[in-house]
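*Asks:* Start from the sequences, fold in the hints, and give me the full structure.
Given next are the chains, with one letter for each unit.
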Amino acid sequence: MPLIELRDICKSYQLGDLAVPVLRGVSLTVERGESVSLMGSSGSGKSTLMNILGCLDRPTSGEYWFEGQEVSLLSADERARLRNQRFGFVFQSFNLLPRTSALENVAMPLAYGADHPGEHEARKRAAEMLRRFGLGDRLDHEPSQLSGGQQQRVAIARALINRPPLLFADEPTGNLDSRTSEEVLRMFEQLHREEGITIIMVTHDAKVARHTQRVIHIEDGQIMDGAFAGGGGEEGS
Amino acid sequence: MSVYTTARTAFRALCRNPMRAMLTTLGIVIGVGAVIAMMEIGTGSSAALEKTIASMGANVLVIRPGAASSGGVTFGAGSATTLTPEDSEAILRECPAVKNAAPMVRARTQVVYGGRNWIPTYIYGTTVAYLDIQNWGELAEGEPFSDRDVMNGNKVCILGQTLVRELFEGESPIGKEVRLQNVAFRVVGVLPAKGANMMGLDQDDIVLAPWTSIKYRVTGSSLTTSQSSTGSKGSTSETVNTLSTLYPGGESLYPERSALQEANQPMPVRFANIDQIMASARSAAEIETAIDQITAVLRERHRIRSGEADDFNIRDLTEVTKMLSSTTTLMTNLLLAVAMISLVVGGVGIMNIMLVSVTERTREIGLRMAVGARGSDILRQFLVEAVVLCLVGGALGILLGHGGSMLVSLVLRWPVATSPVAIATAVLVSASVGILFGFYPAWKASKLDPIEALRYE
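These protein sequences, in sequence, are chains A and B. Numbered continuously in our numbering, the first sequence closes out at residue 406. Numbered continuously in our numbering, the second sequence closes out at residue 1420.
Everything hinted at is true.
Using C-beta positions, here's what the derived DEER-type ranges look like:
# : chain 1 : residue 1 : chain 2 : residue 2 : range
1 : B       : Leu1370   : A       : Gly305    : 51 to 59 Å
2 : A       : Gly343    : B       : Met1303   : 51 to 59 Å
3 : A       : Gly343    : B       : Phe1402   : 35 to 43 Å
4 : B       : Asp1412   : A       : Ala375    : 29 to 37 Å
5 : B       : Met982    : A       : Gln238    : 42 to 50 Å
6 : A       : Pro334    : B       : Phe1402   : 32 to 40 Å
7 : B       : Asp1412   : A       : Gln314    : 29 to 37 Å
8 : B       : Met1303   : A       : Gly305    : 52 to 60 Å
Simulated from the structure, these hints should not be mistaken for lab results. No residue lacks a Cβ here, since even glycine has one placed at the ideal position from N, Cα and C.
*Replies:* As C-alpha cells, then:
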C-alpha cells in the first residue's frame, strides 16, 4: 500500500460564474520513505496540488488515499488532526511567529495535539529538537534575531516536533542564498536517509529538485511524468 | 489545547504588543473605573443623603393619644388623657427598634424679657432626648438641661434663634431670665439655627424646657388643653406625689403603706398625662418595626383587649421616607445607565482592536491551522485574548476607581463607601464584555481559510 495515492484529482476555482480548472485529473502515488519533488513553472498547479496533499484544501473531485484512508471525505477537525499528527510543513517564508522565541515556535504544534505533553515536557522536547538542528544556543532568540538559514532550521524543527512520517516543503529554499540553500537541502536529505521520513518538496528549480529521488513534472494542471515510483520517471541524482 | 496553555498563549500574544493592549483596555479601565468610583461615591452620597433626610425627621414617630368622647361628642385627636411619661420610658426600654423617645407637653403663652415680649410657635416641655430625636446637634451656646432638671421641675429653658433675636437683640441670653406665664425661667442654652421646616414653619421659634416645669408651672393643670395660652397658674405642691413615684430620689411625703392598705384604699394619685411622645427609629428601614413594637407596648400598658381600638395613634413621615427611597433608586439607575454606556464604548474598542489583530495576524492563524489548530482552537484563543484584555482592564479599573474615590474622599471630604457588590459586578461585566465583543473577531478568525491565510500579505 503506497503512503499516498491520488486518483484523478480535479480542482477548479470559481471566479464569478467561471470555473477555472487548476488541476485536471491528477493521479500519482508516493511510497513510504520516498523523497519526491513536485516541479513546474508558476501557475502550473503544483502549489494547489501540495495544498491538497497537505490536507489544507479539498479536491473538487477525485480520491485521495493517505495511509489507506480516504482523506478528502474527512471533516475539517479530522483533517486538522491529521495535519498535526502525520504531516510537517516547511514554508518558503518560514512563517515563524514574530516576537516569539525559537523554543516556543517549535513547541507550538504540540499544544494542538490530542495529548498535550505538558508545558515542561513540551519545552524539553522543543529544546531537544532545536539542538538537533544546531540551534542549541539560540533557544530564546526571536525570529528577527536569526538569519534566514537559522529561521528555516527552526521551521524544520517545528515541522518535525510531532514526529510526522511525512514532510511537506513548499519552496523551502526560495528565500535563502545558495550556500544556506545547500545546507537546508542536505538537511532534508539527511532526514530522509537517516530517519526514513517521506519528503514531498515543491520547487520550480531543477537544481533543488535534483536533491530528491524522484521528480514529478506538472504542467498546466496535469502530470507530465514521474507520477509513479519507477514508472518511467527519471531518477534524481 | 488546555485552558492554561490557551490563557498563556493569549497573554503572550498581548505582551507582543503591550502598548496597543494597554490602549485597548483603556476603554474598559475608564469604564470600570468610572463605575466603581461612581458607585462608591454614590453609595457614600446616598448614605449622607439618608442622614440628611433623617435629620429632617424621616425617622421620627409621633405618638399621640386618641380622641376622647363624652356622650357622643368627640373632642378630636389628642384629647384623650391616656399617654403618660412612663409610656415614653417603657417605649425606650422595651422597643429595640426605637433609638430614643421623649415625652412632650405643649404650651402656648407669652415669653417676656425686660420690655420685650413674644409668643413663640412652639413651647415644648420635654426631656433632653428631644434634641437627639429632632437632630438639633450641638447647642449654639450653653448646655442642655439635665435629667435632674426634669426630675425636679427646675425653671430652666433653651431658646431658639428667633427668640434670641426678638427678645435679646443679639446679646447672649445665657444666664438671663425670661418669664413664661409669670414664671421666671433661666436660659441655659441656645439652639443652633435650623430654619423653616418642610411646611414653612419657623423651627427656630421655639422654647424648650423640662416637661415637668411646663406642665406643672406653666400650663398648670393636666386637664387644661395645651393650646390654651391662658391656663391657670399651677402649684407645684399638689404634684409632688406623682413626681416622686416617677423620678425616685426625692423623699416621700407620706409613710409607706402596706400591700393591704394599698388594696383597700387606693391612693387617688394624680394622673400625669402628656400631650405626645416623640420617638425616633434606629433607621428609616426600621420605622415599620418600631411602629409595631410601640403599638404592642402601649396596648399592653393601656390594657387594651384584642379587638378593641387603640387609644393612641402613631404617625410617621411616610412621604419623606418615600422621597428618600425614590431618590436613592433614581441615583442608582442613573449610575447604572452611565456604567452601561461606558462599558459598551469600551467593548466596541475591544472589538475594533481584536478585528485589527485578527487581520494583522492572518498569517499566524493560517500557520496555526496548518500545524493542526482546529477552528475551535483559534476561536478560543482570540476569545480568551479579548477576555484577558477585559479582565486586566477591569482589574486596573477597580484600582483606578477605588483610588479615585479614595482621593475624592481625602481631598473633597465627600463621603464614600467601598462597595464589594460593585467590584464583583465590574469583574463579571468586564468578562462578559470581553466575551460579547470578542466573539465576532474570534469567530471571523476561526473561519479563515488556511491557504488564503498563509498567503496573506
